[in-house]
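Visitor: Starting from the given sequences, assemble the full structure and let the hints guide the process.
Quick note, the sequences are listed as chains P and D, same order.
For the first sequence, the working numbering gives the first residue as 231, with consecutive numbering after it.
For the second sequence, the working numbering gives the first residue as 46, with consecutive numbering after it.
Take the hints with a grain of salt, since some may be wrong.
[Stated by the list, open to error] Computed list of lysine to aspartate or glutamate pairs in EDC-like fashion (alpha-carbon distance at most 16 Å, straight line):
(1) D:K112 / D:E212
(2) D:K191 / P:E424
(3) P:K399 / D:D156
(4) P:K434 / D:E131
(5) P:K399 / D:E131
(6) P:K399 / D:D185
(7) P:K434 / D:D185
[Claimed, not checked] Label pairs and their in silico Cβ distance ranges:
(8) D:M192 / P:D401: 43 to 53 Å
(9) D:G211 / P:D284: 48 to 58 Å
(10) D:A96 / P:E277: 47 to 57 Å
(11) D:K167 / P:E277: 43 to 53 Å
(12) D:K112 / P:K326: 34 to 44 Å
(13) D:R170 / P:S279: 42 to 52 Å
(14) P:V417 / D:K191: 25 to 35 Å
(15) D:R210 / P:I271: 30 to 40 Å
(16) D:R130 / P:A405: 21 to 31 Å
(17) D:K112 / P:V417: 48 to 58 Å
(18) P:E277 / D:E225: 53 to 63 Å
(19) D:E212 / P:G364: 30 to 40 Å
[Claimed, not checked] Quick partial rundown of chain P residues pointing at chain D, CB under 7 Å, derived from the structure:
(20) P266
(21) I425
(22) A427
Simulated from the structure, these hints should not be mistaken for laboratory data.
As the structure is a computational prediction, the values presented were derived from the model and not from experiment.
Backbone N, C-alpha and C define an ideal beta-carbon position, used for all residues, glycine too.
Letter by letter, the chains look like this.
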Amino acid sequence: MRKQSVISLLLAAIFAIVAVANVTNHNARATTPDVPAALAIGSTVPEFSLPDADGKTQSLSSLKGKNGTVFIFVAVQCPVSNAYNERMEKLAQDYKARGINVVGINSNVAEPAEAVKAHATTNKLTFPILKDPGNKIADQLGATVTPEAYVLDASNKLIYRGRIDNSRKGDSITATELRDALEASLVGKPVSKEIAAAFGCSIKRA
Amino acid sequence: MSSLTRPLLLTLGVLGLLLSFTAPAWGREPRESHAARTPRGKRAALKPEPAVRVITAEELGPLLRPKDARPLLVNYWATWCDPCREEFPDLVKIDQDFRTKGLDTIAISLDDLAELKTEVPKFLRLMKVRMPVYLLHAADPEPSIKMVDPTWGGALPATFLYDARGEIVYKKFGRFDTAELRAAIEKVMSKK
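Guide: This is the structure:
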């Protein structure tokens, strides 16, 4: 009789273990993507500081332009981001004189500051590129793609989020949402298209 | 048989049975045995290498509607996208394991048209792909991205699982977790 109770106890224990394992396993299966919510248009981006590719600490207040700031999430290895190198540099040059600063942000965990620096030198990117360890800024903005631009007006309010233009290779550009947003902002007009999906590589988060 | 051996055997039997139900869900890696059980005839009937069909943005929508009330798995990828290439063998395996059980899987390449005869078939051959593959040829990919899912930012890879009614029941931007995706498929298949 005693042996039987031992067996019953054993059985109950096994059932319990299996049940717990199943519940744990089930909870681990999230069906929603682990992408942070995108920062809403009109939100203010708070002050932050991050190291640049040289390891020097930079902050939003030290980098922002008098008339606005463009963050572009970039990558060392993404072919789409790389296809935009020249266009990003041109954008930075064109708008610097008009009081808007372009700032690159690299949030890819697998691309260290040295790689970012070497890549910028090779591709003649002269605008500052921040390294975003732990994807702090990427999470805050809800950034998932490279290349993708975020336009802040003079008071750091988000007025545009999305692609640079519609053509990866640059040979069939028919939409230039980023430049349109900057032009509208410079003349004090509302941005007509505030969000344009950016096609490209996933940001590899830490 | 002693009075102790019988309950012990019974316990082991029950344990074995329980494990056989739960072990597949625990496994992080694709199950080899499944592919081996796929009926030979059905696989032989498929073409050895899929011809990649070029589609326009307008042709994408109808492709995303499940056929014959079969759940549908759609993967957006490109040969230049490293995480896409990394996850592709798992996608091929999932297609092998679930196609005969009622799941359709399609892969939609966002490569340039120039890659249609070069990089794309080279990669598909390497992967031994048997699922239908399409290449989305759109001068402007944004309307397609928005049409597929307004929450998709446009990053590759992106994977969507539709139930038999065409509702998205699982989505993943960036490299998918194979165990997580398989669990979602098992779930949607069990609802059929």
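Visitor: A separate judgement is required for each hint: does it hold in the structure or not?
Guide: Hints, one by one, checked against the model:
no., hint, result
1, D:K112 / D:E212, "13 Å, holds"
2, D:K191 / P:E424, "14 Å, holds"
3, P:K399 / D:D156, "11 Å, holds"
4, P:K434 / D:E131, "13 Å, holds"
5, P:K399 / D:E131, "24 Å, violated"
6, P:K399 / D:D185, "11 Å, holds"
7, P:K434 / D:D185, "25 Å, violated"
8, D:M192 / P:D401: 43 to 53 Å, "24 Å, violated"
9, D:G211 / P:D284: 48 to 58 Å, "51 Å, holds"
10, D:A96 / P:E277: 47 to 57 Å, "55 Å, holds"
11, D:K167 / P:E277: 43 to 53 Å, "49 Å, holds"
12, D:K112 / P:K326: 34 to 44 Å, "53 Å, violated"
13, D:R170 / P:S279: 42 to 52 Å, "49 Å, holds"
14, P:V417 / D:K191: 25 to 35 Å, "28 Å, holds"
15, D:R210 / P:I271: 30 to 40 Å, "33 Å, holds"
16, D:R130 / P:A405: 21 to 31 Å, "29 Å, holds"
17, D:K112 / P:V417: 48 to 58 Å, "51 Å, holds"
18, P:E277 / D:E225: 53 to 63 Å, "37 Å, violated"
19, D:E212 / P:G364: 30 to 40 Å, "35 Å, holds"
20, P266, "11 Å, violated"
21, I425, "9 Å, violated"
22, A427, "4 Å, holds"
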